[in-house]
Each structure stands twice: as C-alpha cells, then as structure tokens.
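Participant: Take these sequences, add in the hints, and give me the full structure.
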Amino acid sequence: MEAEYIAVSDCTRELTWMKEFIERLNIGQVLSKPISIMCDSQAAIAHANNCIDKSRTKHIAIRYHFVRDKVDDGVVELVYVPSSENIADVLTKPLSRRQHQAHVERMLDFHRMAE
1424 MEAEYIAVSD CTRELTWMKE FIERLNIGQV LSKPISIMCD SQAAIAHANN
1474 CIDKSRTKHI AIRYHFVRDK VDDGVVELVY VPSSENIADV LTKPLSRRQH
1524 QAHVERMLDF HRMAE
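Take the sequence shown: its position 52, counted from the start at 1, is 1475 in the working numbering, and no numbers get skipped.
Take these hints with a grain of salt, some might be off.
[To be verified] With a straight-line cut-off of 20 Å between C-alpha atoms, the simulated SDA-like cross-links for lysine to any residue are:
| no. | residue 1 | residue 2 |
| --- | --- | --- |
| 1 | Lys1442 | Val1498 |
| 2 | Lys1456 | Val1498 |
| 3 | Lys1442 | Ile1460 |
| 4 | Lys1456 | Val1502 |
| 5 | Lys1456 | Asp1492 |
The hints are simulated quantities; they were obtained by calculation from the structure and are not laboratory data. Keep in mind the model is a prediction, meaning the values are calculated, not measured.
Facilitator: In structure tokens:
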C-alpha cells in the first residue's frame, strides 16, 4: 500500500503543477472538475481519503500526504480501477498472453476511451 500511496502522491503533485501551468498560460479552459487519478489499490485510496487506521500508516512521510490536501480541496479524485482493467499493468506485472494482448489493445485504443 505504501508504494501505491507514494505513487499517487507523486502523480498528484505533477498533475497539480500541470493544471496550474495551463491555467497561468490562459490557453485553455480552467479545469473546474477534479482530475481523476485511477488507482488499483483500495488501501491507498482509503488512506488518501483519511479512511484508514493511522496507527498502521504513521511511518509514511508527511510529505506524501499532499494528496490528502488535494482530495479535500477537490483538485483530484481517486478512482478505483480493478487490476483486471488496469492497462498500466502491462508495463509493471507479468501477465498471461491473453491478458497482455487485451491490455495492449486497450492501451493503443485509449484515446477513443477518453472521448
């Protein structure tokens, strides 16, 4: 859970910076909706939403709790994605040939899913 939480925190920092950069350039619309970050760790999502026992996670450095502030402020929202649907797994986990092929096809077609 700790690695996923740290990754979500790092992602939140990068997305927050990008959002503020785009807004300062005045080249696009201001993003009023929260930015969705997809995560396959329910424990990391619960921790970011302050729904987890703090005695188990107090070893995580305070600097990674940046994501909590941005969730509370409505800048980002964490969305659970089951591992079976997480196309990023093709880059990080050993998968069966069938799963690998399915994830690669979805990854190559991701721009259509976002529309």
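Participant: Does each hint fit the structure? Answer for all of them.
Facilitator: Taking the hints in turn, this is what the structure says about them:
1. Lys1442 <-> Val1498: Given that 20 Å is the threshold and the Cα spacing comes to 9 Å, the pair holds.
2. Lys1456 <-> Val1498: Given that 20 Å is the threshold and the Cα spacing comes to 7 Å, the pair holds.
3. Lys1442 <-> Ile1460: OK: lysine 1442 and isoleucine 1460 at ~13 Å, within 20 Å.
4. Lys1456 <-> Val1502: Roughly 14 Å between the alpha carbons, so the hint for lysine 1456 and valine 1502 holds.
5. Lys1456 <-> Asp1492: holds (16 Å)
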